[in-house]
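Engineer: Work out the full structure: start from the sequences and follow the hints.
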Amino acid sequence: MNDDYLERHYPFEGCFNFRDIGGYLNQEGKRIKKGIYFRAGRQDRMSDKDLSQLSDLKIATQIDLRRPDEVLEQGKGPLEAMGAKYINIAVFPEGGSDKLSRLVGDTRISGKRYLGYLEFGPTTWLRLFGILANEDNFPSFCTAQQAKIELAFQRLSYYLF
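Per our numbering, residue 1 is the first one in the sequence shown, and the count goes up by one each step.
Possibly wrong hints are sitting among the right ones.
What the hints assert, rightly or not - Derived EDC-like pairs: lysine to aspartate or glutamate, alpha-carbon spacing no greater than 20 Å straight-line:
#1 K76 x D50
#2 K33 x D56
#3 K85 x D136
#4 K58 x D106
#5 K49 x D4
#6 K34 x D4
#7 K33 x D136
#8 K33 x D106
#9 K85 x D56
#10 K58 x E73
#11 K34 x E135
#12 K34 x D48
These aren't lab readings, by the way, just hints derived from the structure by calculation.
Structural biologist: Here's what the structure looks like:
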């Protein structure tokens, strides 16, 4: 367990791995600001207690990196109803999983596969950077599968300090 796990992690009942990305070091040794960029999976499973705790964070923008079909299957979650701006930016398009497998092989969860996400071009990342360049969008919350969030975090780590 990281030394700062308890400080960074929010113990929600229904949602897993909800945490503040702030505090991580980027490659230049600078710390990312705390309280501006959060991430989690499956916020659609939040309890009433979780929703109260989430409301206290006053999230301004939800950035959803899932494909539209994933959003339909799991839902957007509660943030939009709480007043957050909802923005869907699919990291890779419909059929992207098959294309990734052709590009990098059937590697399942791996660094090689995550790097393959970049093969879909810069448009997604440029849009994400544009959103996060506007302080009116903070605090922001990122919704996606872990791999997509971690890749976004790695790309943003130069800028959010």
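Engineer: Enumerate the violated hints, using their earlier numbering and listing them in ascending order.
Structural biologist: 4, 5, 8, 10 and 12
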